[in-house]
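Enquirer: First to last, the sequence lines map onto chains R and V. Residue numbering for the first sequence follows the working numbering, beginning at 1 and increasing consecutively. Residue numbering for the second sequence follows the working numbering, beginning at 1 and increasing consecutively.
Careful, some of the hints might be misleading.
Said to hold, decoys possible - So the derived label-pair ranges between C-beta atoms look like this:
| no. | chain 1 | residue 1 | chain 2 | residue 2 | range |
| --- | --- | --- | --- | --- | --- |
| 1 | R | Asp56 | V | Asp44 | 49 to 59 Å |
| 2 | V | Arg142 | R | Thr80 | 25 to 35 Å |
| 3 | V | Arg142 | R | Thr192 | 26 to 36 Å |
| 4 | V | Gly147 | R | Glu42 | 29 to 39 Å |
| 5 | V | Ala197 | R | Asp140 | 29 to 39 Å |
| 6 | V | Asp161 | R | Asp90 | 49 to 59 Å |
| 7 | R | Glu178 | V | Asp161 | 50 to 60 Å |
| 8 | R | Arg209 | V | Thr23 | 23 to 33 Å |
| 9 | V | Pro54 | R | Asp140 | 47 to 57 Å |
| 10 | R | Asp90 | V | Arg142 | 56 to 66 Å |
| 11 | R | Glu178 | V | Ala8 | 40 to 50 Å |
| 12 | R | Asp140 | V | Glu112 | 26 to 36 Å |
| 13 | V | Glu178 | R | Asp140 | 32 to 42 Å |
Since the hints were made in silico from the structure, they are not lab data. Glycine residues also receive a C-beta, built at the ideal position from the N, C-alpha and C atoms.
Number of protein chains: 2
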Amino acid sequence: MHVVVPFAATDPKTRLASVLTSTERSTFARAMLADVLTAIVEADAEPTVVSTAPLDPAALSLEGRLLDAVSVAVDDRPLTEAVNARLPADHDEAATAVVMADLALATPEALERLFSHDTGVAIAPGRSGGTNAVVVSHPDFRVDYHGASYLDHCEIARDVDTHLETIDSFRLSTDIDEPEDLAEVLVHGADTDRAPACLREFGFALETRDGRVGVARLEESTRE
Amino acid sequence: MHVVVPFAATDPKTRLASVLTSTERSTFARAMLADVLTAIVEADAEPTVVSTAPLDPAALSLEGRLLDAVSVAVDDRPLTEAVNARLPADHDEAATAVVMADLALATPEALERLFSHDTGVAIAPGRSGGTNAVVVSHPDFRVDYHGASYLDHCEIARDVDTHLETIDSFRLSTDIDEPEDLAEVLVHGADTDRAPACLREFGFALETRDGRVGVARLEESTRE
Chain R
1 MHVVVPFAAT
11 DPKTRLASVL
21 TSTERSTFAR
31 AMLADVLTAI
41 VEADAEPTVV
51 STAPLDPAAL
61 SLEGRLLDAV
71 SVAVDDRPLT
81 EAVNARLPAD
91 HDEAATAVVM
101 ADLALATPEA
111 LERLFSHDTG
121 VAIAPGRSGG
131 TNAVVVSHPD
141 FRVDYHGASY
151 LDHCEIARDV
161 DTHLETIDSF
171 RLSTDIDEPE
181 DLAEVLVHGA
191 DTDRAPACLR
201 EFGFALETRD
211 GRVGVARLEE
221 STRE
Chain V
1 MHVVVPFAAT
11 DPKTRLASVL
21 TSTERSTFAR
31 AMLADVLTAI
41 VEADAEPTVV
51 STAPLDPAAL
61 SLEGRLLDAV
71 SVAVDDRPLT
81 EAVNARLPAD
91 HDEAATAVVM
101 ADLALATPEA
111 LERLFSHDTG
121 VAIAPGRSGG
131 TNAVVVSHPD
141 FRVDYHGASY
151 LDHCEIARDV
161 DTHLETIDSF
171 RLSTDIDEPE
181 DLAEVLVHGA
191 DTDRAPACLR
201 EFGFALETRD
211 GRVGVARLEE
221 STRE
């Protein structure tokens, strides 16, 4: 399956600005992108990063088969427009998936469950009504990422009279947007993933407060 | 499968106190409990509510087959202790599940995926390192809900040398604890569910802010 991975190459993850510098956010966003691309390739799909600015896949520390499998397209249009330009235009075109670049917990297994839906529309919702990943087969369906996109997409699917399947995945529901989301990366990321390694490199560690897990950052001076 | 559903019958959902009165929290907690019990019975499992105080299942508006299928045990011990007293004590005992009473989005399908794991231990994690639902088959495994329970449970499973499977479910990962969680109930609850109906009755509606869905509550005077 062909998978579009939209990526904001310039000043990404602004909602993490209270805990990460601009350079760190850029590094972390690229680490998450590399993890997402790795999971997509391991799920036997072909990712294209649709980046708002030129991006060298080799700079994502992708190597070998992974590097060969990833292509990059530069498209500085707004997200909705850039994605819609890449969805199937008629019934003969194959289904296309769209997977957000900040789904740091995505695994090949979770993606395979999503990619197995190649009729109509299948959505993995995020928290707060977002659309974290979608597979579009129906040529009349178009995305609209403004506002409460999950509910809008349910309505658009009804309007074009196609079936919408909702994929029940914690991993795909977890987009990493806010400081509190960083804990999920450290709790559920695999040892080989780049995003948790990146956060640990920055000095973040898990911390339990009020029975919930959050993150704490070691002061610069106490880091090795 | 036998399913333990712990329920705090007195002053539940204190973290919702900023948006719901004490009486409303009690009503809402019972609506979520009724939805969870319904999903468990529809998944062909047998729930026992382990309540901190006496509770009449008929007062949960359960009827017919549902009412017959639910039993209640009163146990005022701390959560961890009350649950551990009900887990399998030897290899001959059947697997037991523990499902939290505030998993308002739980569906029979999501629970069936969890209940299908009847060896070792299977956990549906919640956000922030919680353990929202678990199936325990291994007689040496015991729960510990204090602190970061998901990571603790991973460690306990290693200690007793049993396999731990993690169930990837958005629905089971979503416990309704904080005001921002209420939006999930309104976005993903089914029309027949009691918890979203309860919130609507209280005057809550979805509201889109900054591209995310939250809830707003109509003023008493503007409600019908």
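Enquirer: Now look at each hint and say whether the structure bears it out.
Expert: Each hint, compared with the structure:
no., hint, verdict
1, R:Asp56 <-> V:Asp44: 49 to 59 Å, "holds (53 Å)"
2, V:Arg142 <-> R:Thr80: 25 to 35 Å, "violated (50 Å)"
3, V:Arg142 <-> R:Thr192: 26 to 36 Å, "holds (31 Å)"
4, V:Gly147 <-> R:Glu42: 29 to 39 Å, "holds (33 Å)"
5, V:Ala197 <-> R:Asp140: 29 to 39 Å, "holds (33 Å)"
6, V:Asp161 <-> R:Asp90: 49 to 59 Å, "holds (56 Å)"
7, R:Glu178 <-> V:Asp161: 50 to 60 Å, "violated (37 Å)"
8, R:Arg209 <-> V:Thr23: 23 to 33 Å, "holds (30 Å)"
9, V:Pro54 <-> R:Asp140: 47 to 57 Å, "holds (56 Å)"
10, R:Asp90 <-> V:Arg142: 56 to 66 Å, "holds (58 Å)"
11, R:Glu178 <-> V:Ala8: 40 to 50 Å, "violated (28 Å)"
12, R:Asp140 <-> V:Glu112: 26 to 36 Å, "holds (33 Å)"
13, V:Glu178 <-> R:Asp140: 32 to 42 Å, "holds (38 Å)"
Checked against the numbered hints above, the structure violates hints 2, 7, 11; every other hint is satisfied.
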